[in-house]
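Make the full structure from the sequences, and use the hints.
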Amino acid sequence: MTTTPTVDLPVETGEHGIVPKKGRGGRGAWMIFRNRKATVGLCILGFFVVLAAIGEYIAPYDPNKISKSLMEGPTAAHWLGTTNTGQDIMSQLIVGTRGVLVVGLLAAAVATAISVLIGVTAGFVGGIGDEFLSLLANVFLVIPALPLIIIIASQLPEAGGTTVALVIAFTGWAWGSRILRAQTLSLRRRDFVEAARANGESLWRIVCFEILPNLTAIIASGFIGTVIFAVLSQITLAFIGVTSVSTWNWGTILFWAQSNQALAQGAWWWFVPAGLCIAALGTALTLINFGIDEFVNPRLRTTGGTAKALRSKRIQARVGFTPVYRAPAEKRGEE
Amino acid sequence: MTFLLRRFVFYIVTAWAAITLNFFIPRMLPGNPVQSLINRYQGQLSTDATQALYAMFGLDKETTVWQQYLDYWGNLFQGDFGLSFTFFPTPVGEVIAQSIPWTLILVGVSTLISFVLGTLAGVYIGWRRGRWTDSLLPIGSFFSAIPYFWLGLIAIAVFAVAWPVFPASGGYDGAFVPSWDADFVWSAVYHGLLPAITIIVSSIAGWMLGMRNMTVTVSSEDYVTVAHAKGLKERTVMFGYAARNAILPNISGFALSLGFIVGGTLVTEIVFSYPGIGYILYQGVSSKDYPLMQGVFLIITMSVLVANMFADLAYALLDPRTRQEG
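Sequence order for the protein chains is S and A. For the first sequence, the positions run 1 to 335 when my numbering is used. For the second sequence, the positions run 1001 to 1326 when my numbering is used.
For the record, the hints were derived by calculation from the structure and aren't laboratory data. By construction, the Cβ of each residue, glycine as well, lies at the ideal position given by its N, Cα and C atoms. Please note that a few of the clues may not be correct.
[To be verified] Okay, the calculated beta carbon distance ranges per label pair:
{"hint": "1", "chain 1": "S", "residue 1": "117", "chain 2": "A", "residue 2": "1233", "range": "48 to 54 Å"}
{"hint": "2", "chain 1": "A", "residue 1": "1142", "chain 2": "S", "residue 2": "197", "range": "42 to 48 Å"}
{"hint": "3", "chain 1": "A", "residue 1": "1229", "chain 2": "S", "residue 2": "166", "range": "51 to 57 Å"}
{"hint": "4", "chain 1": "S", "residue 1": "197", "chain 2": "A", "residue 2": "1309", "range": "53 to 59 Å"}
{"hint": "5", "chain 1": "S", "residue 1": "157", "chain 2": "A", "residue 2": "1046", "range": "23 to 29 Å"}
{"hint": "6", "chain 1": "S", "residue 1": "79", "chain 2": "A", "residue 2": "1273", "range": "48 to 54 Å"}
{"hint": "7", "chain 1": "S", "residue 1": "135", "chain 2": "A", "residue 2": "1116", "range": "27 to 33 Å"}
{"hint": "8", "chain 1": "S", "residue 1": "157", "chain 2": "A", "residue 2": "1064", "range": "21 to 27 Å"}
{"hint": "9", "chain 1": "S", "residue 1": "68", "chain 2": "A", "residue 2": "1016", "range": "24 to 30 Å"}
{"hint": "10", "chain 1": "S", "residue 1": "67", "chain 2": "A", "residue 2": "1064", "range": "55 to 61 Å"}
{"hint": "11", "chain 1": "S", "residue 1": "67", "chain 2": "A", "residue 2": "1163", "range": "27 to 33 Å"}
{"hint": "12", "chain 1": "S", "residue 1": "36", "chain 2": "A", "residue 2": "1117", "range": "24 to 30 Å"}
{"hint": "13", "chain 1": "A", "residue 1": "1229", "chain 2": "S", "residue 2": "109", "range": "48 to 54 Å"}
[What the hints assert, rightly or not] Facing chain A, a subset of chain S residues (Cβ under 7 Å, in silico):
{"hint": "14", "residue": "142"}
{"hint": "15", "residue": "144"}
{"hint": "16", "residue": "232"}
[Stated by the list, open to error] Reference excerpt, derived from the structure (chain S facing chain A, CB under 8 Å, subset only):
{"hint": "17", "residue": "133"}
{"hint": "18", "residue": "135"}
{"hint": "19", "residue": "150"}
{"hint": "20", "residue": "152"}
{"hint": "21", "residue": "154"}
{"hint": "22", "residue": "236"}
{"hint": "23", "residue": "266"}
{"hint": "24", "residue": "286"}
Next up, the structure:
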């Protein structure tokens, strides 16, 4: 690194090809597709959604069907091998996708609803109400969620998909609510909100039409984060056998693999694919979240893709260098 | 001092909330778990145990809920969590006391290592933005998306089954009796290595990403520019100016996400059959041993609270602003 601290100003960066070239000008939700990470994430997620929707029709076998090929590695007939009772593992994976996604999305939807309700209320009302709601959120954040989910789920008479989703939502809303509260607090005294108030707009209108639209990105990233949390929790629950082991999801496959000593027998095809699916889904969701984060906070954009372009122009990306592209002139006046 | 005082009050409230939650969960849930338990054990439960169960689930109608709540607190203060079914008739408190040191050492040490390494790596990646190090971010997010227990399974498959360099399960060699002699300690360390590495690998990415984002944000602050302009050494600016400020949110993040991490590490113990509290919880879950599960939950929550208090102390030490008030 050279000794002269070259602190580039954003003004310069406009011409270096960091700017999305097409000047469509819109800053709407479709902007997310301009972000490569988010696009990759959305594609992987889309693949799993399709799998969840049509899984039972395209699965080559009935996941419960016992056959004579016991504990076989990948073959032409069974692409991902079979279990110790001859069940087809690929079919279990495909059919299990729906359970994973439904519980993940349902839990995240409920948790996000709770977090918006509590976070925005806390940030907007302030005072004692805020103190109380923040305390509630912090308490739920500090209490370890997974053990709490385990003790609740294992005491329920039957822990089906919906129940598990609700239990996860009950324990997983606090993080989003905390972030939403902070953002609402900072929005509450902005000029446009004051203006709406001076216009005599009702409280509901201010919250729904002035505050909430400005929270969209945070709500979205909170939702995605909660999906990750819900998927991991649900699979962990299935793996340790707290939830029903008769409905298929990726955790159930791992549960049977573990309880039939797949590890000791070297049956890698039994537990590797399920884990890779979890990791792929989790990575996809994380990438979408990176995209949202970078959309909200341009400083976080990695110059990775453009580093070469920069270097060819002899510009060194370094401290303080923020490849922010200039917002359209009319937008800049806002701050 | 007000900062620490406020936090202390918060921990008291949280502890109260967790204990109360623990009291109400078995009472609020539908069904009659006691009867189904008695059926499951088919008369192997003694009358005392049945009675204790009914009391625990609030199904003995003679006492009011309030009275039960007071009794529950009374028992807690005497360290009485009830009797475990799995290890009948050992009290839950004793079962937990045997397993807690294992968890404290394994989870404590590996979480600390992962936090320190991840934070340092995050500072570096954030500081040298636009280099090859940026490619660590997607790799990191891949690893943080993997459940701890699955990484544990893979670690066992590779390093204990296919290429047996580490033991696949347990916390020490069965030939030893737990004591403080060198052979036993070595055996325990040897058994703990693979679970510890698993925990470090799966949790390090989170710290790295958080610290990277904070460093990037902080590094364009004016005081960093000024430090550069003064001609200070790169390292001084990086650690003394940027990292020092960037680490504050990471420490409060450390405190808040401990709950998540502990949850994940408990499952790692299950995979490795490590004799810690997570494995006990697993045994409790598989045999529907409610008193044991509830005791474990309380102990885990209390440990997380204590760890949080330490994180707050560290925060107060690093951030002079918290000391100025009051």
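Confirm or reject the claim that residue 67 (chain S) and residue 1064 (chain A) have a C-beta distance inside 55 to 61 Å.
Hint holds: Cβ distance 58 Å, inside 55 to 61 Å.
Has the hinted range 24 to 30 Å been met by the Cβ atoms of residue 36 (chain S) and residue 1117 (chain A)?
The hinted range 24 to 30 Å holds for residue 36 (chain S) and residue 1117 (chain A), with Cβ atoms some 28 Å apart.
Quick check on residue 144 (chain S) please, does its C-beta sit within 7 Å of some C-beta on chain A?
This hint holds: residue 144 (chain S) lies near chain A, its Cβ roughly 4 Å from the closest one there, short of 7 Å.
Hint check, residue 286 (chain S) versus chain A [nearest Cβ-Cβ separation less than 8 Å]
Given a least distance of 4 Å, the restraint on residue 286 (chain S) holds.
For the hint on residue 266 (chain S), does the least C-beta distance to chain A fall short of 8 Å?
6 Å, holds
Do the Cβ positions of residue 79 (chain S) and residue 1273 (chain A) conform to the proposed distance bound of 48 to 54 Å?
Violated - the Cβ-Cβ distance for residue 79 (chain S) and residue 1273 (chain A), about 32 Å, lies outside 48 to 54 Å.
Does the interface hint hold: is residue 232 (chain S) within less than 7 Å of chain A, judged Cβ to Cβ?
5 Å, holds
C-beta pair residue 117 (chain S), residue 1233 (chain A): status relative to the range 48 to 54 Å that was hinted
Distance hint for residue 117 (chain S), residue 1233 (chain A) holds at roughly 50 Å.
Between residue 68 (chain S) and residue 1016 (chain A), is the Cβ distance one that fits in 24 to 30 Å?
59 Å, violated
Range hint 23 to 29 Å (beta carbons of residue 157 (chain S) and residue 1046 (chain A)) holds or violated
25 Å, holds
Could one say that the CB atoms of residue 67 (chain S) and residue 1163 (chain A) fall in the range 27 to 33 Å?
Given about 32 Å between the Cβ atoms, the range holds.
With 8 Å as the cut and Cβ atoms as the points, is residue 135 (chain S) at the interface with chain A?
6 Å, holds
Consistency note: the structure conflicts with the earlier hints numbered 4, 6, 9 and 17.
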